[in-house]
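2 protein chains.
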Amino acid sequence: MPPALIAVDWGTTRLRAWLIAADGAVLDRTASDDGILAVPAEGLPSTLLGRVGPWLERNGCLPVAMAGMVGSRNGWVEVPYVECPAGIPRLAAALTRMPLGDGIDALIVPGLITRDADGTPDVMRGEETKIAGAGLDDGVVVMPGTHGKWARLAGGIVEGFATFMTGELYAALTGHTILGRLAEDPDDSAGFSRGLAASRRPGGLTHQLFAARTLVLAGDMPGTQVRPYLSGLLIGTELDHGRALAAGSDLVLVADGAFAESYGAAFAALGVPVRCCDPEAVFLRGLARIVAAA
Amino acid sequence: MPPALIAVDWGTTRLRAWLIAADGAVLDRTASDDGILAVPAEGLPSTLLGRVGPWLERNGCLPVAMAGMVGSRNGWVEVPYVECPAGIPRLAAALTRMPLGDGIDALIVPGLITRDADGTPDVMRGEETKIAGAGLDDGVVVMPGTHGKWARLAGGIVEGFATFMTGELYAALTGHTILGRLAEDPDDSAGFSRGLAASRRPGGLTHQLFAARTLVLAGDMPGTQVRPYLSGLLIGTELDHGRALAAGSDLVLVADGAFAESYGAAFAALGVPVRCCDPEAVFLRGLARIVAAA
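Top to bottom, those sequences are chains X and H. For the first sequence, our numbering assigns the number 5 to the initial residue and increments by one for each residue that follows. For the second sequence, our numbering assigns the number 5 to the initial residue and increments by one for each residue that follows.
The set of hints was computed from the structure by calculation and includes no laboratory data. No incorrect hints appear here.
Computed spacing ranges between beta-carbons, pair by pair: (1) Ala272(H) x Arg77(X): 35 to 45 Å; (2) Asp27(X) x Gly123(H): 51 to 61 Å; (3) Val276(X) x Thr17(H): 41 to 51 Å; (4) Pro84(X) x Glu188(H): 21 to 31 Å; (5) Pro206(H) x Pro84(X): 21 to 31 Å; (6) Gly223(H) x Arg101(X): 19 to 29 Å; (7) Gly261(X) x Gly123(H): 26 to 36 Å; (8) Asp244(X) x Gly223(H): 29 to 39 Å; (9) Ala272(H) x Ala298(X): 52 to 62 Å; (10) Ser253(H) x Asp244(X): 21 to 31 Å; (11) Asp141(H) x Gly261(X): 53 to 63 Å.
Reference excerpt, derived from the structure (chain H facing chain X, CB under 8 Å, subset only): (12) Val127; (13) Ala166; (14) Phe168; (15) Leu173; (16) Gly179; (17) His180; (18) Leu213; (19) Ala215; (20) Thr218; (21) Leu238.
From the three backbone atoms N, C-alpha and C, an ideal C-beta is built for every residue, glycine too.
All chains, please: the whole structure from these sequences, using the hints.
As structure tokens, then:
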């Protein structure tokens, strides 16, 4: 099957691109560390052409569609957020066209913005594309990460979402606090379920975090369980609040690798059924759907 | 009035010492950056003599009493924690005597350990001495800090306590996350009450933290309010959980400077009356009481 689309996931630290057939099959792929923070704004078009130019030369004029932080203030061009509620048709209508040279344009998918009952905004860029590919009409899509997202859908429309700083907090705690200095290699996963259990005990996160230290000091937990304990405590805290938002809906977890394992284990421990989807597969499917709707 | 006691607060980063009269008056004081982490263990006695030696030479044999991390595993000698419930008599009975040279001994106040309903331990070193000086028989003593403590007393006995990592989390968030990079000088205290209000909204701490970023991105909050917002959110979260522990008891806040201001404002916003005590004054009074009870 001939190529039909060039898909690009361009974030702060990575540029990934795929050559996609009309049936969604991946025909070729490329990736580099040319994230938007690594390249000056005026160098972004040539950086992209350097990666996908050979595909364009070989296959003629193909649509090039991008999502992620490339559409942010620090990216190629700031594409305004689309306000929730919003589904694929509104994302498609707001695709932003940028000239890539040689008469070829690149389309940038807008991010989403939502506001809670008090008017506090929350935003996403890139995850809206994964949601579009997750194939969920009614329920909640959970996308773990540095700034993990929980998005609520009804009739295929994203009604709202919430970000949890779980990944970045884990990095800050293990890298820059007394807790991280107690951690020993290799990680002992038994700490994960202890942290998960701690997330349901009184005192809240800022109290239970300190228990990682006192458990080690008192000889009740080895240093090898500190990082898994922190991971379990943070993920358990996220699930506790995220589930209030989800309120019994169908759940789709978009994750692979360590995230799929840890979030999968956390949902299983709570007895909450969840369907797991591969992030790359849903991103590519979502991007194709948004472009097709344009 | 002649000198009656040399009081020493020896923590990880600071050594502070006072020459105290029998009526509690401070006759002289000294302080340095010779925290226990800055001095090798075998150098601790001579470091202390370097600070308080002149007082001993001038006044003859005075009791020298110390509290803080000097009694920890990384300090001069590891003084075992005393288990809660415990009051001044049990702290006095467990004072540990260490030779300081020239026939003079130094007394080290033990820390306290408590366990919650699940057996998870929590510990303090130094705060037990402030509690002893706070003059509260029944109620809760709140001691903000890097690892803030809430201690519950009944009949002058510490029944239990909980640590909140508020101070260290604030440092990690402002110093090592995307939120800190959004913060601008000078701090605008209007952000504090916004963070305090956010601590009572759905989603929990890890969600409301991210709002510091989205509020700035959406133009709803200036960068000068980011650090005060984080402070208000973290303190509000601590108060929310701490008050569950306090359950309507009398509250004493042991704090000065920025801590007294921010925690005082947070309690006032909740309509919770609190008596504020100076940390140095309660430390010195508590140390004198423990030594007198020995």
